[in-house]
Amino acid sequence: MKMNAMSLFFRFIFLPFFLLTAGFAQAQLSIEITGAGANRIPVTIVDFPGDPAASRVITSTVRADLERSGLFKLVDHNGLALDENAPINHADWKGRGADALAAGSIARSADGRMEARFRLYDTQKGVSLGGAAYVTNATQLRAAGHRIADFIYEKLTGEKGVFSTRIAYVVKARGQFLLQIADSDGQNAATALTSTEPIISPVWSPDGGRLAYVSFEKKKPVIYVHSLASGQRHIVANFKGSNSAPGWSPDGRKLAVVLSKDGFSQLYSVNADGSGLQRITQSSGIDTEPRYSADGGTIYFTSDRGGSPQVYQIGANGGDARRVTYEGSYNVSPRPSPDGKSLAFISRREGRFQLAVMDLASRQVQVVSDSNKDESPSFAPNSRMILIATEVGGRGVLSAVSSDGRIKQRLTVAAGDVREPAWGPYFQ
Amino acid sequence: MRPVRIALLIAALGSVQAHAGVFDDDEARRQIIDLRVKSEARFDQQAKGQLDLANQIQRQADEISRLRGQIETLNYELETAKKRQQDFYLDLDTRLRKFETAESTNAAVNPENGANSKPASDPAKEGQEYEAALNQFKAGKYKEAAAGFGAFVQKYPASSLAPNAQYWLGNAWYAQRDCKRAIEAQSVVTTKYADSAKAPDAWLAIATCQQELGNPTGTKRSLETVIAKYPTAPAAETARERLKKK
Amino acid sequence: MKKLLIPALLAALLVGCSTTPLPEDSNGAPVESRSGSSSTGVAPVTAGGLDASGLPRELTDPKSKLSQRSIYFDLDSYEVKGDYKDLVASHAKYLVANKGFKVLLQGNTDERGSREYNLALGQKRAEAVKRSLTLLGVTEAQIESVSLGEEKPKDAGHDEAAWSQNRRADILYKAADGRGEF
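Protein chains in written order, with the working numbering: chain R, 1 to 428; chain Y, 1001 to 1246; chain L, 2001 to 2182.
The hints are simulated quantities; they were obtained by calculation from the structure and are not laboratory data.
Keep in mind that this is a model prediction, so the values were computed, not measured.
Keep in mind that the hints are not guaranteed to be accurate.
[Said to hold, decoys possible] Residues from chain L shown here face chain Y by an in silico Cβ test under 8 Å; the list is partial:
(1) T2060
(2) D2061
(3) P2062
(4) L2066
(5) L2075
(6) K2085
(7) L2087
(8) A2089
(9) L2104
(10) K2154
[What the hints assert, rightly or not] Below 27 Å or equal to it, Euclidean Cα-Cα: the simulated DSS-like pairs (lysine-lysine) are:
(11) K2099/L to K1038/Y
(12) K2152/L to K219/R
(13) K2065/L to K1038/Y
(14) K1048/Y to K2152/L
(15) K1082/Y to K1143/Y
(16) K2154/L to K2081/L
(17) K2065/L to K373/R
(18) K408/R to K2063/L
(19) K2174/L to K1048/Y
(20) K2063/L to K2085/L
(21) K261/R to K2063/L
(22) K1143/Y to K1098/Y
(23) K1098/Y to K1038/Y
(24) K261/R to K2099/L
(25) K240/R to K2063/L
(26) K219/R to K2154/L
Where is the CB? At the ideal position from N, CA and C, for every residue including glycine.
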């Protein structure tokens, strides 16, 4: 029974601006689950023998991740610790109501790093579903926990997990605007940029290394691309007029942007270094909020060419635009899902701005939120959850909603308004 | 003394002259101001006119946008309605086919027809091929549908589905705006499969095509044929109504 | 022609005003914290404190029509209303006579709806003012129209009274020597 282990050394990213942001510790996101799936998989995560402190961090991270996803129900492990090679009494665990069980161990390697090994079992069939080992330094144990949770999630649901991903968002607090990056559970928040002027529309590059966003620090909207590891950034578009709404092409080479240099807001594409500007739309109204489809062939965008803002689709190099939304007089902020199957957007219905999801094959639209002021949807890389900005009690909060509307989580920051969320790609 | 007087006189004259000069200047200035006020008034007038015009153009552009939006919506609704109608019809056809094919299978067992009923090689495969062509038709791929139905009737001329396939072949041509071939195909239904349930509908289709080709006599004759040959078929009712309209 | 002298004089008198330039964003420059520490922070230019901007008095004197710099718009409207035609014409006249001056037109919207779509709507308002000015003879080179969308509300309230204040375009001036409000 040799464990089918894969060893993974995390390449951790250092954000130099970390050091400057000690004062924003209160800008930590906290998550609250407000809705869960109907059929949750019962699973037990036992304690991992080895370093007790490290074990606690890792197993609690795994448990919290699985619980938060809304797809799992944690079955109590009764304080039991089992390593990945211990014999498992499947019938017993089955009897306690656990369909699956994960056991593991924590070991300290010679160079001081920690190795977390684990194995997942299907108690119904009484078989191992495989396992893995993750090597990490002692300060990044939570990351190892997210990797284990991703493994379990994928084995049990058949979809890739997104616990190891990161999110970006903007916090407005005390007259300042902070562009922050956090783990998908809201922990480890770091500030990438602080400004006295607004920051909007952050979007992750497909490789997860850069953010494009719009900053008003030059008294007008200008588009920047910011490398997170180095903290270096450069201007992508600062033409006469306004420069806004960046959207990455799936290959990460280009950005679709909105410029007003020729009059009203129109779509253009530009290389990530700011060269090779090309106009995409030619309309006499507003064209904005471009987002490439998953295959990169087309762009979804918002246009008022039909008298009210609606979602349209156009070839990535231009051509004729095709209207996509018809219900209602305000449909904006289109976001195609990474799997290409659905389109999330914000729809105004009876004065409420709500998250809606369209099944692209059948064109059926479903409103999936019950809030009033939804904005800026962003798909998780596995297309299952959608992060939105909304308002609760007059405060800006983030909310994660499953694309069927069943599972809901709320992310708040104690000290201010959170807005403009962007869910990053899979961990690479 | 004299030089003094002269000097004074000159001075006085000068002052008079100077005074006259000042007076002229004021007058000119007043006139200029006057002119400026007038031209500014004209400028203001023009300016307002220009701005009014600009606003008017913007309002018209907005109106055009709204109309564009209405056209988009109407087109969408039309498309949806068309699609729904086609779905209804195909659904109905699928349901009716069960009865129709059952009928003709019964007919095939009749002693007088029994001789020429060739046993179908593989009814399941036959059904699949028919279904495939029908799905092409549903998807709006009329060219492929026509090819599919065409191949079907060649391959299985004695199949219980052959009259339907022949009928849909005609419809597939019609959908491609090829009325000549549509009539050809439907004529096979009305002759070769004259006893099938699709025959009266085929006559109606022929009538429609004849009308589109500008052949009122042919149209009338086809409609009358339906009524004469299949007086109880629903198609006969349609034919009567269409004859009445003319 | 004497108009040109005044700004120059004022400009010469008013030294040391607050517009520190931003650090240049070239490729590879590390990002500094912009958390307001005086050495590296963004120099804030706010619409209120601009008297020391070095602009001629006729642009800033409350008695002068040219000191009125805001054009308000109706809900869902992007056309310069009749009430503001005189105002726009006055600014046009000034800019035609003073070609060295430039204006930044900032369009704004209320807070409802998508931020990016609102940015485009604010642009539409700035564009409407720009078109009016160019129609009255102001050259393109003198005007830049931009949008602040819903990001910089004049009134931070959440009712119609606040929203009507935020459906607005502002005119900011800059003199030939670079001094001014932007």
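When the structure is checked against the list of hints, which entries are broken? Sort them ascending. 1, 2, 3, 4, 5, 7, 9, 10, 14, 17, 18, 21, 23 and 25
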